[in-house]
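Enquirer: The chain contents come next:
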Amino acid sequence: MSDYNFAYLDEQTKQMIRRAILKGLAIPGYQVPFASREMPMPYGWGTGGVQVSAATLTPDDTMKVIDQGADDTTNAVSIRKFFEKTAGVATTEATAEASVIQTRHRIPEETLREDQILVYQVPIPEPLRFLEPSEVETRKMHSLEEYGLMHVKLYEDIARHGAIATAYAYPVKVEGRYVMDPSPIPKFDNPKLEMAAIQLFGAGREQRIYAVPPYTQVVSLDFEDFPFEASKADHPCDLCGAEDSYLDEVIMDDAGTRMFVCSDTDYCAGRRAAGHVGAQGVSTQEEDAA
Amino acid sequence: MYVAVKGGERAIDNAHAWLAEERRGDRDVAELSVAQIREQLSLAVNRVMAEGSLYDPDLAALAIKQARGDMIEAIFLIRAYRTTLPRFGYSKPVETADMACDRRISATFKDAPGGQVLGPTFDYTHRLLDFALAAEGEVPEAAEAEAKPGPVPHITEFLNKEGLIQTEDESDEVPGDLTREPLELPADRALRLQSLTRGDEGFVLGMAYSTQRGYARNHAFVGELRIGRVAVEMDIPELGFAIDIGEIELTECETVNQFAGSKTEPPQFTRGYGLVFGQSERKSISMALVDRALRWKELGEDNLGAPAQDEEFVLYHSDNIQATGFLEHIKLPHYVDFQSELELIRKLRREAMEAGETVQQEAAE
Numbered sequence: 001m002s003d004y005n006f007a008y009l010d011e012q013t014k015q016m017i018r019r020a021i022l023k024g025l026a027i028p029g030y031q032v033p034f035a036s037r038e039m040p041m042p043y044g045w046g047t048g049g050v051q052v053s054a055a056t057l058t059p060d061d062t063m064k065v066i067d068q069g070a071d072d073t074t075n076a077v078s079i080r081k082f083f084e085k086t087a088g089v090a091t092t093e094a095t096a097e098a099s100v101i102q103t104r105h106r107i108p109e110e111t112l113r114e115d116q117i118l119v120y121q122v123p124i125p126e127p128l129r130f131l132e133p134s135e136v137e138t139r140k141m142h143s144l145e146e147y148g149l150m151h152v153k154l155y156e157d158i159a160r161h162g163a164i165a166t167a168y169a170y171p172v173k174v175e176g177r178y179v180m181d182p183s184p185i186p187k188f189d190n191p192k193l194e195m196a197a198i199q200l201f202g203a204g205r206e207q208r209i210y211a212v213p214p215y216t217q218v219v220s221l222d223f224e225d226f227p228f229e230a231s232k233a234d235h236p237c238d239l240c241g242a243e244d245s246y247l248d249e250v251i252m253d254d255a256g257t258r259m260f261v262c263s264d265t266d267y268c269a270g271r272r273a274a275g276h277v278g279a280q281g282v283s284t285q286e287e288d289a290a
Numbered sequence: 001m002y003v004a005v006k007g008g009e010r011a012i013d014n015a016h017a018w019l020a021e022e023r024r025g026d027r028d029v030a031e032l033s034v035a036q037i038r039e040q041l042s043l044a045v046n047r048v049m050a051e052g053s054l055y056d057p058d059l060a061a062l063a064i065k066q067a068r069g070d071m072i073e074a075i076f077l078i079r080a081y082r083t084t085l086p087r088f089g090y091s092k093p094v095e096t097a098d099m100a101c102d103r104r105i106s107a108t109f110k111d112a113p114g115g116q117v118l119g120p121t122f123d124y125t126h127r128l129l130d131f132a133l134a135a136e137g138e139v140p141e142a143a144e145a146e147a148k149p150g151p152v153p154h155i156t157e158f159l160n161k162e163g164l165i166q167t168e169d170e171s172d173e174v175p176g177d178l179t180r181e182p183l184e185l186p187a188d189r190a191l192r193l194q195s196l197t198r199g200d201e202g203f204v205l206g207m208a209y210s211t212q213r214g215y216a217r218n219h220a221f222v223g224e225l226r227i228g229r230v231a232v233e234m235d236i237p238e239l240g241f242a243i244d245i246g247e248i249e250l251t252e253c254e255t256v257n258q259f260a261g262s263k264t265e266p267p268q269f270t271r272g273y274g275l276v277f278g279q280s281e282r283k284s285i286s287m288a289l290v291d292r293a294l295r296w297k298e299l300g301e302d303n304l305g306a307p308a309q310d311e312e313f314v315l316y317h318s319d320n321i322q323a324t325g326f327l328e329h330i331k332l333p334h335y336v337d338f339q340s341e342l343e344l345i346r347k348l349r350r351e352a353m354e355a356g357e358t359v360q361q362e363a364a365e
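Going down the list, the protein sequences come from chains V and G. Quick note on our numbering: the first sequence kicks off at 1 and runs consecutively. Quick note on our numbering: the second sequence kicks off at 1 and runs consecutively.
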């Protein structure tokens with residue numbers, strides 16, 4: 001591809017983004033303003049993640065793109081094609097083979113390593129946004145470490161519902177300082193936020209980048225008597241039998257018959273290839289024979 | 001799983017092919033040329049240039065064609081192209097007093113030096129469908145007159161001679177660039193004006209209209225509205241002087257607003273300002289009204305809590321490319337989050353029903 005610079009963005013823009021990433025890594029959980037560019041896909045389609053990935057990729061990288069945990073969702077396909085075209089990097093669906101993974105709404109099931117980078121697409125980077133709509137006010141609250149409002153919200157949830165009524169984008173505190181939105185991942189994924197890989201978060205429309213360095217403490221907000229609980233459908237995967245993976249509920253017919261399958265398609269495929277078979281699954285050896 | 005990936009890719013390719021076919025429409029009808037759009041849908045072209053922040057009528061016309069007439073989609077195409085262009089310098093400020101005006105009107109004076117020029121306006125047309133246009137008749141040529149020579153002074157300057165209107169202080173400060181730096185608040189007036197001129201016409205119109213209806217009302221007179229072409233000059237370091245690099249069409253609106261005065265200032269008129277690419281009257285008047293509403297702090301007025309006075313509200317929501325992207329993204333898959341909500345709501349309902357049963361049992365006992 002000679003029509004575009006490597007990974008689409010010009011080098012000055014990449015430098016600007018890299019400076020923001022480095023600042024983010026130096027102050028874990030702090031939202032760094034950056035001069036987000038208009039990208040050739042709409043805001044809301046992952047422009048922040050795409051810009052962070054573009055500034056991170058080198059020609060030797062291998063990239064994986066997932067949306068909802070799956071490599072085959074349309075927007076994941078579209079973003080993967082974008083980088084194949086503009087960066088010419090190798091792409092993969094295997095989590096273990098990827099050096100840069102761009103994700104929307106999930107953390108892969110497989111444990112990530114030190115030589116991997118996980119890039120999140122973030123719609124609303126501000127964890128306090130729906131408690132306080134003004135950006136001027138929320139930035140002040142972060143700088144003063146004034147998070148009382150968030151604890152009041154969680155308390156009110158318990159008073160009203162008997163539980164904290166947040167199922168995704170569950171707020172966390174990073175290294176004892178900044179309250180951070182982990183992007184809309186299900187709270188099942190929150191414990192995985194403490195990992196060996198570098199985690200970068202890009203919000204294009206809101207012009208913010210933030211980061212969690214490897215082995216950083218990430219605590220999901222809770223109360224002693226109402227501890228955080230990572231939850232998933234109480235069911236094994238119907239294809240691969242996994243008990244430990246996050247599941248999608250698929251409606252099978254007009255009678256509402258349901259099937260539960262891994263949201264992480266690579267994890268499920270890997271388990272099935274290794275011979276695991278769920279209640280409604282068929283072993284891949286049989287599939288190959290058919 | 002591999003098959004599914006290929007399926008997704010094929011679905012996208014097929015969708016794009018179908019889209020291209022829909023854009024073309026009935027092949028028995030002649031295809032629109034970009035030049036036709038540029039010449040005959042020029043106000044649409046102007047809007048795309050203004051909100052796309054790129055002055056190029058040919059590209060704007062191409063974007064309108066490619067977007068099937070969806071203006072926001074066309075603006076998006078221009079924005080995404082614009083952001084890839086290298087920035088090789090900055091022009092000098094354009095001198096609108098030297099504008100070659102096609103239109104120049106003042107609502108505050110019956111006549112003024114330079115005269116009132118109606119120009120090509122819809123203002124006094126009767127909005128009756130012209131069925132002759134459907135019959136593709138040629139229009140007769142309009143009468144022509146010699147342009148008056150010499151500069152056309154700004155009408156608000158006449159007010160300034162008596163000190164009746166607030167003076168805008170000149171400044172050599174380099175204005176910020178909304179497209180190169182993240183927007184941080186509070187924004188100065190230069191940034192606010194940049195944001196408004198590329199803001200969505202409908203949004204800016206709605207905000208302006210709200211000030212007219214009492215949400216931070218500040219009655220505006222159109223001191224002057226002018227449309228015409230101005231030269232764009234740029235300093236060329238190798239030459240050591242400025243040269244004309246081209247000409248652009250602009251619409252400029254200056255409003256004259258009320259001001260009661262404060263402890264330090266006697267009563268005086270104040271100003272709102274609008275400047276937009278192309279012939280974009282509605283937008284430039286709207287811009288001037290919203291600009292004026294946002295100036296409450298520097299003019300020592302009260303914050304009435306009106307949306308048009310809230311710079312964070314206005315600046316964060318005026319960009320239609322940001323707005324449409326975030327709004328439409330909710331049609332992307334969200335099933336992982338929805339799944340977690342499903343589980344939560346089932347759990348909360350189960351607990352609520354169990355609690356309800358316990359209460360009923362206790363009542364029965």
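Hints listed in this document are in silico derivations from the structure and should not be mistaken for laboratory results. Where hints are given, some of them may not hold.
[Unchecked claim] Simulated pairs of lysine-lysine, BS3-like, Cα-Cα distance not exceeding 30 angstroms:
(1) K85(V) <-> K297(G)
(2) K65(G) <-> K192(V)
(3) K92(G) <-> K148(G)
(4) K85(V) <-> K14(V)
(5) K140(V) <-> K297(G)
Enquirer: Next, verify each hint and record whether it holds.
Expert: Do the hints match the structure? See the list:
1. K85(V) <-> K297(G): violated, 49 angstroms
2. K65(G) <-> K192(V): violated, 47 angstroms
3. K92(G) <-> K148(G): Judged against 30 angstroms, a Cα distance of about 26 angstroms means the pair holds.
4. K85(V) <-> K14(V): Cα-Cα ~18 angstroms, so holds.
5. K140(V) <-> K297(G): Holds, because 20 angstroms separates the two Cα atoms, which is no more than 30 angstroms.
Checked against the numbered hints given earlier, the structure breaks hints 1 and 2 and satisfies all the rest.
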